[in-house]
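Asks: As you go down the protein sequences, you meet chains A and B in turn.
Under my numbering, the letters of the first sequence match residues 1 to 111, in that order.
Under my numbering, the letters of the second sequence match residues 112 to 243, in that order.
Don't read these hints as lab results, they were simulated from the structure.
Glycine included, every Cβ here is placed at the ideal spot set by N, Cα and C.
Worth double-checking, as some hints may not be accurate.
Said to hold, decoys possible - Covered stretches of chain B (in silico footprint by chain A; criterion: 3 or more residues with CB under 8 Å from a CB of chain A, positions within the stretch not fixed):
no. : stretch
1   : 129-138
2   : 184-190
3   : 203-209
4   : 220-234
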Amino acid sequence: MTAPFDPGLQVERTSLAWTRTALALALAGAVVTRLTFDRLGVVAVTLGLVAVGSAVATATLAGVRYRRATVSLGQSGTLPTDGAVLALASASALAAGVAAAVFVMWGMLDA
Amino acid sequence: MDDEGPNGNHGFDGGRSRFPRRVYAVGNEPDPRFSLANERTFLAWLRTSLALVAAGVALEALGFPQSAGFRGAAAIVFIALGLAAAVRAWFGWMATESALRRESLLPAPSLGLLLVIGMVIGVLLVALGSIP
């Protein structure tokens, strides 16, 4: 067990931030699936599986990212990561927002 | 750092394989702690986005307030703010990472004022819709 990269545990805190964001994304996907199920049926389940799968992928990739960062920072002091996982997480949040907007529009049409 | 040419060292792989290239093609590798802090700010914006969207969905799902017009308007306001926060998360992260690499001034915390005004309007709509 080697010493962490910095005493502020920046890499560890970032990793935990990824975990709770992925958890919120998975929850959002599950809730939107439940709320749109009555109208969309199998389509809602399919989209929900994609959403939860994307959240699981985000958490997994963030774990890989943490390992790469820890190794690289220990060896060369540089951060090897880039913005790819961030783009995936942004797209997932945007998709959840659009699905939520559709759900609210339906409610307005019914009223 | 001054002997690395006008565009800096681009990082250890010349900025070729890191996404997005627009960010990594210029400047020098910043202090890793700054990049990690920028990443956590991005994630905080993303969670803010999800919370705002959840607020809009909750109003509609719970049928609160009873007035359908105010309820729908408030829900749309919260969800629109949530979408804006998700967009800001990504573009804000890019802008800050670029500024860190170029060692220039950090961008302003844009969207903060819009978020405050939008949330006040959203809460006002809920309050108005709750008047019997």
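Asks: Mind checking, does the stretch 203-209 of chain B have 3 or more residues with a CB under 8 Å from chain A?
Replies: As far as the stretch 203-209 of chain B goes, the hint holds, because 3 residues have Cβ atoms under 8 Å from chain A.
Asks: Tell me if chain A covers the stretch 129-138 of chain B under the three-residue, 8 Å CB rule, please?
Replies: Result for this restraint: holds, n = 5.
Asks: At least three residues with a C-beta closer than 8 Å to a C-beta of chain A: is that true for the stretch 220-234 of chain B?
Replies: violated (count 0)
Asks: Establish whether the coverage given for the stretch 184-190 of chain B by chain A is satisfied; the threshold is a Cβ-Cβ distance below 8 Å, and no fewer than three residues must meet it.
Replies: With 3 residues closer than 8 Å to chain A, the stretch 184-190 of chain B meets the three-residue bar; holds.
Figure legend: structure checked against the earlier numbered hints; the only hint not met is number 4.
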